[in-house]
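Here the structure of chain A is known, so what remains is to put chain B in place on it, guided by the hints.
Number of protein chains: 2
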Amino acid sequence: MNEIRVGILGLGTIGIGAARILIEQQQLITRRLGKQVRLVAAADRILDRDFGLDLSGVRLTDDASDIVTADDIDVVIELIGGYEPARTFVVTALEHGKHVVTANKALIAKHGEELFPIADEKGLQIGFEAAVGGGIPCMKALREGLAANTILSIHGILNGTCNFILTKMENEGADYGDVLKEAQALGYAEADPTFDVEGIDTAHKLSILAAMAFGSKIKFDEVFTEGISRITAADIVAAQELGYRIKLPGTAKPHGENVSHGGCEKVEMRVHPTLVPLDSQLAQVSDSYNAVLISGDFVEHTMYFGRGAGERPTASAVIADVMDIASGFPDGIRHLAPPMGFVQSARTEVPTLPMADVECEYYLRFMVQDEPGVIASITAVLADHRISLEAVSQKERHKTQAVPVVMLTHETTEGNMQAAISRILALPNINDDLLILRKESFGA
Amino acid sequence: MNEIRVGILGLGTIGIGAARILIEQQQLITRRLGKQVRLVAAADRILDRDFGLDLSGVRLTDDASDIVTADDIDVVIELIGGYEPARTFVVTALEHGKHVVTANKALIAKHGEELFPIADEKGLQIGFEAAVGGGIPCMKALREGLAANTILSIHGILNGTCNFILTKMENEGADYGDVLKEAQALGYAEADPTFDVEGIDTAHKLSILAAMAFGSKIKFDEVFTEGISRITAADIVAAQELGYRIKLPGTAKPHGENVSHGGCEKVEMRVHPTLVPLDSQLAQVSDSYNAVLISGDFVEHTMYFGRGAGERPTASAVIADVMDIASGFPDGIRHLAPPMGFVQSARTEVPTLPMADVECEYYLRFMVQDEPGVIASITAVLADHRISLEAVSQKERHKTQAVPVVMLTHETTEGNMQAAISRILALPNINDDLLILRKESFGA
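If you read the protein sequences in the order shown, they are chains A and B.
Numbering (the working numbering) for the first sequence: 35 to 478.
Numbering (the working numbering) for the second sequence: 35 to 478.
A hint or two may mislead.
In this list, chains with the same sequence are indistinguishable; a pair is considered to hold if it fits within one copy or across any two.
EDC-like mimics (lysine to aspartate or glutamate), calculated; alpha carbons at most 20 Å apart, straight line [said to hold, decoys possible]:
| hint | residue 1 | residue 2 |
| --- | --- | --- |
| 1 | Lys69 | Glu155 |
| 2 | Lys69 | Asp154 |
| 3 | Lys251 | Glu129 |
| 4 | Lys253 | Glu299 |
| 5 | Lys69 | Glu37 |
| 6 | Lys156 | Asp106 |
| 7 | Lys300 | Glu448 |
| 8 | Lys300 | Glu405 |
| 9 | Lys156 | Asp97 |
| 10 | Lys144 | Glu232 |
| 11 | Lys253 | Asp105 |
Calculated from the structure, these hints are not laboratory results.
Here chain A stands alone, though its shape is the one from the complex (with noise of 0.2 Å):
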């Protein structure tokens, strides 16, 4: 029987994961495959620890080199995270004849077009479908599942610990910082919580599915990224008031003329917190859930849901991606879908959408003194902008401290909103603490 040998690199609590399903569901994978699946080595920087799981037979070692240049492996786990020394492991491995799996968004992210061609040189595989949506298939359902479909739109929650500050700010009507903290105290935020609250894990994910969706090269450093932590359990209120819920998506569209026969001229990528409506399927996302609504020209709206993140989902996305090269191993590689769902010669540089050219409906909070005149002027400012309102509210009254107005308005471009926004903000009796959202409607 054919006999696949998998090394690991790094043993956190993914790479445990990882060790455990090829070891506990060895029988399963072996019925699966009609192949053995076998974890020959793993390397991690602390050796002299309880693993948790019996790991005998398993060559370790603290010298990542030695797994990604060794002579009996034949798929390398990544799982080290970052950027370095991730990306220097993984290019030796593909230089050594090696496929490779990982769950790190963000080395997919930021040298995923430096690696691709050297795999698609080799003949060799990069699996990456635990990077995006966790345990949830997603990828794979964008890539194959939806092959036959120009992708029409993407919205992602991709990022649990946002998610999951949301939901609890949501239901205990608590503000940001002490969610956070509590976030914090249970392990769904890191101590510096920059990276998922600020929406550039998201960005990270956003911009790999988007590439993936349009044919496009990865284009992280363009995708626009506002976090949630500007948001207050008042504004979740008011939204709530006016039929929506805030969460923290990713948005991918296609533009151009000739969209639908795959002339995608520009690519909107865009994080940042949005209304959506209760009744949509995302609403229904809680906690630290991700899910990915996916639409295409043929299929309509398709969702995907699940475990974002945690040991066990994410290691069951990382070794689909082990079995998914077991499958074709050793030498039908090149029959399976190319990583990102195109040849790789047919991937193109397509431009990212500039944000001002970006068409949204807004949600806009400003702080302003109860005078009389005051919507009266800014309403006067969004008319000359030819911004239409969909809903105003004003619900608190006070003599001396400034108060929220909220305003829904109806569609229109970030430049003409950002042009309408400094001239309000230049008006009297308006203070410059305005929050500005966005909300979307999906469909389903």
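Frame of chain A; chain B shown alone:
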């Protein structure tokens, strides 16, 4: 460049949809695969009509035999539907060395176990993603994306007609009969709706999913099946007041001491109206949408949502299968995941768990004469069978007519419940218009 030649049997709505993708998305398909997929021929009984599509260059025939035996066809798409002659054409196509893609759940559910060995022996692929969940790539997710998992449960809303009717009944407070008529007028239900509303279609699909999940053989005939035709508007209201929505999911679970190590000893399969918690993901699936909740021992809960029927979504799944086959073409078919997720030789006969041994929580709606002691006599019988109650509700009071009494129970076996029910129906002042529904919590 490699070329894959396709023939379609049946130019109904889905056949036209599939042809449309092959023609309109040609450029996209080639960019994805690096190969061309060409529609060579199509068969239909009536050719002298407007297909709404330019089929020039496609060989049209009214004899499907031509296509399944033709030398210039690599993949046959069977979209005739039903058992025969679809089965005969598929067998002939396989015998002539052609890969087969079909949207025909009845065919796979009933004759799959005849077809898979033929395909396996000849190194051919059978694709049937479109047979379950329409456009949703849920079988690819189950078979490949979750391949590292022991599957612990499947709950699928798999019939759009039933879900449309149940959604309408709830939204409009309307009774089953009126909504069915409306659904028929709108084309959401057939003139003879039995296949859909009695749960047979769902059972077809569930039996396929269960076998794919547990590595067992397809046993459609052994699925416990009840439809939605006895549900009233009052039941929907009563369920809602208790915190539930009534859906028609198919449910499948593995049983046995050693399930987590592939030791599935029995398979539970059932289709019946079910109370699902209002805040669960499945409860949010409305109208004609489908969704499948799949849980695995590593991935935990995942859900797949989208259009379960219709020309374009179904065609999306059909062509995704064709593209999978094209990826491996001509010599890499053995490198794709096997059609049922396990190599054919590892698929085993697993007995179906008898319905009497299935454990459920129950919704019971008795019609009783409003006499003192009636509820006491019912609950005494339940207590005697060690069935404990979660809730009891009697809203209406009427001196002469029977009034509904609704009870929610905790878990018990179907066998025990049926024994209790027989005794209860023999009590005075209870008529035999009893509705038994079951209730399910999902954890997601």
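Hint check results:
1. Only between protomers do Lys69 and Glu155 lie at most 20 Å apart by alpha-carbon distance; the minimum there is 18 Å, versus 26 Å within a single protomer.
2. Taking the shortest alpha-carbon separations for Lys69 and Asp154, only the inter-copy value of 16 Å comes in at or below 20 Å, while the best intra-copy value is 24 Å.
3. In this assembly of identical chains, the alpha carbons of Lys251 and Glu129 never lie at most 20 Å apart, being 22 Å within a copy and 43 Å across copies at closest.
4. In this assembly of identical chains, the alpha carbons of Lys253 and Glu299 lie at most 20 Å apart only when taken from the same copy (14 Å versus 50 Å across copies).
5. In this assembly of identical chains, the alpha carbons of Lys69 and Glu37 lie at most 20 Å apart only when taken from the same copy (6 Å versus 30 Å across copies).
6. In this assembly of identical chains, the alpha carbons of Lys156 and Asp106 lie at most 20 Å apart only when taken from the same copy (18 Å versus 33 Å across copies).
7. With identical chains, the CA atoms of Lys300 and Glu448 are at most 20 Å apart within one copy only, with a shortest distance of 16 Å there and 58 Å across copies.
8. In this assembly of identical chains, Lys300 and Glu405 lie within 20 Å of each other by CA distance neither inside one copy nor across copies; the values are 44 Å within and 73 Å between.
9. Taking the shortest Cα distances, Lys156 and Asp97 never come within 20 Å of each other, neither inside one copy (25 Å) nor across copies (46 Å).
10. Proximity of Lys144 to Glu232 under the C-alpha cut-off of 20 Å is restricted to the intra-copy arrangement: shortest distance 17 Å within a copy versus 53 Å between copies.
11. Taking the closest pair of Cα atoms, Lys253 and Asp105 never come within 20 Å of each other, the shortest separation being 35 Å inside a single copy and 46 Å across copies.
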